[in-house]
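J.: This is what each chain is made of:
There are 2 protein chains.
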Amino acid sequence: MPVGTRATVKAMTPEELREAGAQIVLSNTFHLMLRPGDEVIRDLGGLHKFMHWDGPILTDSGGYQVFSLAKLSTITEEGVDFRSPIDGASCFLSPEVAMKVQNHLGADIIMAFDECIPHDCAPEEIKEKSERTLRWLERSKQAHARPGEQWLFGIVQGGTIPELRAWSARRTVEAGLDGYALGGLSVGESKEAMLASVDVAEPLLPANQPRYLMGVGTPRDFIQAIDRGMDMFDCVVPTRDGRNGRLYTSRGALNVRNACYTRDPGPADPECGCPACRHYSLAYLRHLHLNGEILSSRLNTTHNLWFFFRLLRECRAAILERRWTKYRDAALARLASSHKSDG
Amino acid sequence: MPVGTRATVKAMTPEELREAGAQIVLSNTFHLMLRPGDEVIRDLGGLHKFMHWDGPILTDSGGYQVFSLAKLSTITEEGVDFRSPIDGASCFLSPEVAMKVQNHLGADIIMAFDECIPHDCAPEEIKEKSERTLRWLERSKQAHARPGEQWLFGIVQGGTIPELRAWSARRTVEAGLDGYALGGLSVGESKEAMLASVDVAEPLLPANQPRYLMGVGTPRDFIQAIDRGMDMFDCVVPTRDGRNGRLYTSRGALNVRNACYTRDPGPADPECGCPACRHYSLAYLRHLHLNGEILSSRLNTTHNLWFFFRLLRECRAAILERRWTKYRDAALARLASSHKSDG
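Protein chains in written order, with our numbering: chain A, -13 to 329; chain B, -13 to 329.
Read the hints as simulated data drawn from the structure, not as lab findings.
One copy or two, either will do: identical chains are not told apart, so a pair holds if it fits within one copy or between any two.
Derived EDC-like pairs: lysine to aspartate or glutamate, alpha-carbon spacing no greater than 16 Å straight-line: (1) K177 with D213; (2) K177 with D106; (3) K(-4) with E279; (4) K35 with D250; (5) K312 with E300; (6) K57 with D67.
Make the full structure from the sequences, and use the hints.
T.: Spelled out as structure tokens, the structure:
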């Protein structure tokens, strides 16, 4: 899922997202409740109409943002008091508020309100926060006013402690939800710790329901997570990196600012069929980026999304055609062999 | 001509420009010679290929920018010494350099190197600078290395002093060029003074060659200049105003930041068929702009260009169908009656 924080995937139109291969986009409860306000969006016909995207949308619960972006937040069992990062206004988020907001926005998939756990928490704290997340999950379920229209996903916490992660997964699944997410990962812990947590939780999740690994990731992360049975991802990597001039290509990642591209007449990726690679040279992409041109963000984001969605289509095809292991090994080797790639 | 200063019309792709109605775009000698450099663009196949625009391009001579943007410029008969606004490097522009750069860029129409005259100059100074512009015109003509491939336009100066403007027009036409521009207007003088200068110069320009009024303008300016026989224009108004949230509509200009649009479900202009008006509400346009989203610049620029090109198509049709006077009066009345419009 490309990330459309404020009801727009930065630099892209919905038509371009579709052309790049997007099937679903993510948007943010936290940002939209503050501006323009969830009631405004509801009154305008909901988030799909507001942002002119007729495909599926998933909204996060605001749990992650309220801890990372809000000022002076105070957590109680009831919820989180915080100051708006926009104007300092006093705000409140709780399972009930997060559900109300998400019911107003009207996304196809909504997320239970959870407590995001920093990766360096003490075990006792991880346990407490994971328990609270489970209590908040029950309250989210109760408060969800449109269960027939919007799928509700629960979020497994438990940090990187195997016992807690497994316990959280079991308890979350017991709650009986439409899909399951692994949260509190990709937040600063090592890749090994992240994958180990996925390994612990995965066998405990129903095989016939979506599994969503939140906040992941790079091409290598995708392959390793898909290999462990994950189905859904969201990440700002293709869009944010694109705006910063970092392009993912079949030959590895490159930065368009590099002086070696000053006179390069070739495309960013000769194997790519995206509009940026079809019509523009690396020299032009470099020129646009050095000048801070809006078209730079557009073309780079477009290219990266095409690259990521092609990778995911390849993964899907390899699984369906029962050649996943072979594909995985070749893809990881290709990513490792590229000297430019950080995969 | 929409303005593509650095080989890109800000926020737009060439395909979108075409769809909006653009037939020709303008780009800037001054900016491109500094970055990425005209030889780089020549070696990459020229400006058309570089920016992926296969329609006509006009490049200005750098005369306007070297006086408005360069630091510490020193004008001599030979040319202009200046410091690059990018890195302070010592640079030089002259008729010969401006021609060489424009020959390298390869635009379809190139401009003679002129001395831009501030509107508040003393008459004697206007005369001196206008005379120098004529001497530079001769040198530009001599230095133009691709006369069969690139049209060369001369620039009439003379400030807003009727005798000097007429004299400059006569002398410029005597030089025998492919087209004629009126320069040194739309630089701070009153609208009346600008139109009076157009009135003076126009009868002296050949009827069967393009007349280009540089740096104009708003919808009202266009109608008044077309009424005086002008054929070509360039202006950043639709693009820059768009990025600033100012939209031109059939009901006048509006600013999308206005709080009255917070819940407005309607399009910016019900009479407009552009993608922004077809797919998005004013409420969404306001939301995007308040959040500084790239899509805001895209949609607003798109809308304004559609509006401007529709206006120009209407003008063209009215002239061809011999109903110009009636159309002009109705259009000016419509612009005047709209309380929001500054036309």
